[in-house]
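Chemist: Note that the protein sequences, when read in sequence, are chains A and B. Take my numbering: the final residue in the first sequence is number 224, and no numbers are missing along the way. Take my numbering: the final residue in the second sequence is number 247, and no numbers are missing along the way.
I should point out that these hints are in silico values taken from the structure, not numbers from a laboratory. The beta carbon of each residue, even a glycine, is placed where N, CA and C say it ideally should be. Please note that the accuracy of each hint is not assured.
[What the hints assert, rightly or not] Computed footprint of chain A on chain B, listed as stretches where at least three residues anywhere in the stretch have a Cβ under 8 Å from a Cβ of chain A:
1. 34-45
2. 70-81
3. 84-98
4. 103-116
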Amino acid sequence: MIWQQVQSLAGSYPLALRGLGMTVVLSLISLVLGTLLGFGLGILRTGGNRLISAAIGAWVDLIRGTPFLVQIFLIFFILPELGIELDAFTAGIIALTNLAACFICEIVAAGIRSVPTGQVEAALASGLSRSQRMRQVVLPQAMRIVLPPLVGQYVLLIKDSSVVSAIGLTDLTRVGWLVVQRVPNGLLVFFLVGLGYFIVCYPLIMLARRLEQRMGAAHGEVQL
Amino acid sequence: MTKTGMIDFRGVNKWFGALNVLRDITLSVEPREVVVVCGPSGSGKSTLIRCINGLETIRDGDLVVDGQRLGDPATNMTRLRTEIGFVFQSFNLYPHKTALENVTLAPIHVRKIPRAEAEQAGRELLAKVGLADKVDAYPAQLSGGQQQRVAIARCLGMRPKIMLFDEPTSALDPEMISEVLDVMVAVAEEGMTMMVVTHEMGFARKVAQRVVFMDAGAIVESGTPDEFFSHPKTDRSRAFLSKILRH
C-alpha cells in the first residue's frame, strides 16, 4: 500500500520539481526586489522628511498588521477591477515583494538608527553629501545590525510564499494539493512538501546563525 | 557687507526650547588667530563652535564664516564645511575604516583627489601626527590619544582654513593628553585659524592669542591668556579659575 503510494509519488517528481522551481524563482525575485525596495524605504523612513517617514510608517504598519492571504487576494482580485490586468505570477511577485519590503524597511531603519549620532556628525563636518554619508559611513555600520535579522526574515518570507498557491500559482504547496488528490496520503505528501521548503531554508538559517555569531563578537570588524 | 574676520558672530542667540544657550554673542576671530574658549559645563561653549560648521543652527543674529553668512540660501553649507575641520571630544572615527581610510575618505569623495595621491598625502599626515606605523589599524585597535590624533589628521587632510576643537582631550587618560596637545600646538604654529574649547591652560598660554570665558550662554570675559589667567576681571571667571587651577 505505502510502497505503491511512494512509487506513484515518484512519478510526480517532475511536477514537484516545477513546484519547487516556482517557489524558488518567486522567492528569489521577490526577495531581491523587496530588499532593494526595503533599503530604499528604510533610508527614507529615517530621513529628515517627516511626512514621507510617517507615510511609510503607516503603510508598513498596515501591511504588517493584515494577513498575507488577504493582501494577495486584494492585489489579485481588486487591481483588475481598476483596469490593471495581472496574471497570478505577477500578482504573487507584487504581493510578496511588498511584504518583504515592509519587513526589511523596519529592519534597515532600526539598523540606521543604531549608528551613533557622532558618526553622522563627523561625516557632516567633513563635507560628505547625504548620499556619501549613507554609503560610506552609515550603511556599512548599520549592516552589522541589519544582516542577521535580514537573513532570518528571508526564511520567513520564503515560507510565506506558500500563500501564493491560493491564487493558483503552481508552487511547492499547490503541487502538494494537486498530488494529494491522486495519492491520498496527506501525511506523506505534505511531509515531502515541508522537506522541500526546509531544504531551501536551512542554508539560510545556518547563514543567519553564523552572521549573528560573527556580529556578536566584540568589536570584530565586518568586511562586507 | 564689510570685510571682517574669518569667523564673525554678531548678536547671535540660540535657544534649546526655553533655554537661552547662546546669549547675544559677538565675537570675531581673525585669520591665523587661535582662540581658546573655556567656561563651566553647560555654559554654551560647545554649542558656540558647533554653530560655526552648522551642526547647530542659530535663532537670530549673524554668523559669517569665511565670508559666507550661515543660513543664507546662497551659502552652500556642505561646501563651507569642507573648509572647516572639526575635532570631537569622542573622536568619532569611522570604526569600519582603517586610520588611513578615515583620513582619505573625504579627500577622495569630496575633494575628488585621485586615490593614490590622497593615500600618499594621508600617510604623510599620519606620520606628521606620529602614527606612521598605524596607517592600517582600525580605531578599535588604537588608544584614545592615537584615535584623536587620527581625527586631527582626518581634518587636516581636507586642508581646511579653520579648525574647531570641541574638548579634544576631555575623554583621554591623563598620560595621553600631551601627545594630542603637541599635535594641536604644531597645527597652531603653522598658522591655522583655530577655536579650541578646552580647559588645558598650558595649551592656552602657549599658543592662544585670546581666551574667551563663557558662562550661562554669554561671553563674560575675553582677553589674552596672560590677562585672563593672572588678572581675571569678573567674579565668575575668578571662581571658575580657582576651581580648575586648584590642583
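Chemist: None of the hints should be skipped; say for each whether it holds.
Modeler: These are the hints, each one checked on the structure:
no. : hint    : verdict
1   : 34-45   : violated (count 0)
2   : 70-81   : holds (count 3)
3   : 84-98   : holds (count 10)
4   : 103-116 : holds (count 4)
The structure is inconsistent with hint 1 alone, although it conforms to all the rest.
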